[in-house]
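Number of protein chains: 4
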Amino acid sequence: MDNENTLRRLKTVEGHLRGVIRMVEEDAYCIDVIRQIQAIDAALNKVSTQILENHLNSCVITAVQGNDKKERQRVLKEITEVFAMSNKV
Amino acid sequence: MDNENTLRRLKTVEGHLRGVIRMVEEDAYCIDVIRQIQAIDAALNKVSTQILENHLNSCVITAVQGNDKKERQRVLKEITEVFAMSNKV
Amino acid sequence: MDNENTLRRLKTVEGHLRGVIRMVEEDAYCIDVIRQIQAIDAALNKVSTQILENHLNSCVITAVQGNDKKERQRVLKEITEVFAMSNKV
Amino acid sequence: MDNENTLRRLKTVEGHLRGVIRMVEEDAYCIDVIRQIQAIDAALNKVSTQILENHLNSCVITAVQGNDKKERQRVLKEITEVFAMSNKV
Numbered sequence: 001m002d003n004e005n006t007l008r009r010l011k012t013v014e015g016h017l018r019g020v021i022r023m024v025e026e027d028a029y030c031i032d033v034i035r036q037i038q039a040i041d042a043a044l045n046k047v048s049t050q051i052l053e054n055h056l057n058s059c060v061i062t063a064v065q066g067n068d069k070k071e072r073q074r075v076l077k078e079i080t081e082v083f084a085m086s087n088k089v
Numbered sequence: 101m102d103n104e105n106t107l108r109r110l111k112t113v114e115g116h117l118r119g120v121i122r123m124v125e126e127d128a129y130c131i132d133v134i135r136q137i138q139a140i141d142a143a144l145n146k147v148s149t150q151i152l153e154n155h156l157n158s159c160v161i162t163a164v165q166g167n168d169k170k171e172r173q174r175v176l177k178e179i180t181e182v183f184a185m186s187n188k189v
Numbered sequence: 201m202d203n204e205n206t207l208r209r210l211k212t213v214e215g216h217l218r219g220v221i222r223m224v225e226e227d228a229y230c231i232d233v234i235r236q237i238q239a240i241d242a243a244l245n246k247v248s249t250q251i252l253e254n255h256l257n258s259c260v261i262t263a264v265q266g267n268d269k270k271e272r273q274r275v276l277k278e279i280t281e282v283f284a285m286s287n288k289v
Numbered sequence: 301m302d303n304e305n306t307l308r309r310l311k312t313v314e315g316h317l318r319g320v321i322r323m324v325e326e327d328a329y330c331i332d333v334i335r336q337i338q339a340i341d342a343a344l345n346k347v348s349t350q351i352l353e354n355h356l357n358s359c360v361i362t363a364v365q366g367n368d369k370k371e372r373q374r375v376l377k378e379i380t381e382v383f384a385m386s387n388k389v
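Residue numbers (our numbering), protein chains in the order written: chain A, 1 to 89; chain B, 101 to 189; chain C, 201 to 289; chain D, 301 to 389.
One or more hints might be untrue.
[Unchecked claim] Distance condition first, Cα-Cα at most 27 Å in a straight line; then the derived DSS-like pairs of lysine-lysine:
id	chain 1	residue 1	chain 2	residue 2
1	C	K288	C	K246
2	B	K170	A	K69
3	C	K288	C	K277
4	B	K146	B	K177
5	B	K177	B	K188
6	C	K269	D	K311
7	C	K246	D	K311
8	C	K288	C	K211
9	B	K177	A	K46
10	C	K246	A	K88
11	D	K388	D	K377
12	A	K77	D	K388
13	B	K169	A	K70
14	B	K188	A	K69
15	C	K270	D	K346
The hints are simulated quantities; they were obtained by calculation from the structure and are not laboratory data.
Could you build all of it, start to finish, from the sequences and the hints given here?
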């Protein structure tokens with residue numbers, strides 16, 4: 001996957017999360033903390049989407065074009081599973 | 101797609117939604133209405149997941165194994181888009 | 201609650217859902233169906249938010265200003281519960 | 301708010317996120333990374349719910365029982381806003 005871009009985004013999220021921890025330590029207003037956590041959620045969703053896009057354009061193409069039917073089914077099933085989960089978190 | 105199963109589920113959701121409309125007409129307790137709407141949301145997410153699964157195992161396989169590179173990219177881009185949206189609704 | 205506005209929105213969603221059922225009956229493209237279901241999800245979320253807003257400004261105020269501590273706790277617990285669920289659907 | 305419990309949970313999430321960053325650095329399988337990010341999302345949602353619960357049982361009670369109508373409206377509006385956003389992330 002496009003590791004550098006993904007890593008950069010995840011480290012930004014890590015910094016954001018550390019900021020939220022500091023807010024809680026300094027007894028910030030509850031709603032402000034919730035809003036920052038929601039912003040982190042949104043940023044993580046974008047990272048997941050980017051990783052999925054890379055995955056579709058590499059592993060998924062390889063598996064679907066390959067001759068191993070079981071592997072193809074496995075790879076497509078995983079896409080369905082992360083989609084199902086994305087509706088829940 | 102597996103239309104019959106999808107149709108059956110969507111018609112169940114339609115019945116559920118009509119029940120919620122009746123609840124509001126009869127002035128039901130707000131929180132009970134919200135909970136029923138959340139149950140409908142969850143049911144719709146399951147329908148979407150089922151449709152996506154069928155789509156991956158038909159159109160996506162055909163497009164990825166085909167020779168039209170643009171069509172392949174279009175089909176994979178759509179998967180990314182509905183995944184991104186599923187994180188938001 | 202503000203029944204008329206809520207009812208109007210729910211009936212719009214019902215019409216939208218019937219349109220999706222027709223799309224499936226007419227064998228529409230899977231991704232188009234998923235997108236319409238996601239639009240219905242988003243509309244239902246707006247209805248829930250509107251109902252919660254009305255609930256906060258009526259029942260919740262009454263319960264929190266009232267003398268029944270148990271009732272107050274019950275009403276506030278319900279808010280937490282629908283918030284927790286809203287993160288999952 | 302109940303800072304200690306919230307802080308402990310957020311620091312667990314921070315450790316989890318650092319683990320995900322290591323996974324990406326070590327070129328882990330895309331789908332495994334997405335699943336871990338979804339687990340972090342779920343954990344963050346639980347933290348938000350806990351913070352909201354504390355907020356309802358402290359600031360919201362104080363504001364709703366107080367005499368400042370504007371402050372009461374502000375506090376209730378914030379609940380609606382974080383609920384609306386929770387449906388989107």
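Q) What hints, given by number in increasing order, does this structure fail? A) Numbers 6, 7, 14 - these are the hints that the structure violates, sorted from lowest upward.
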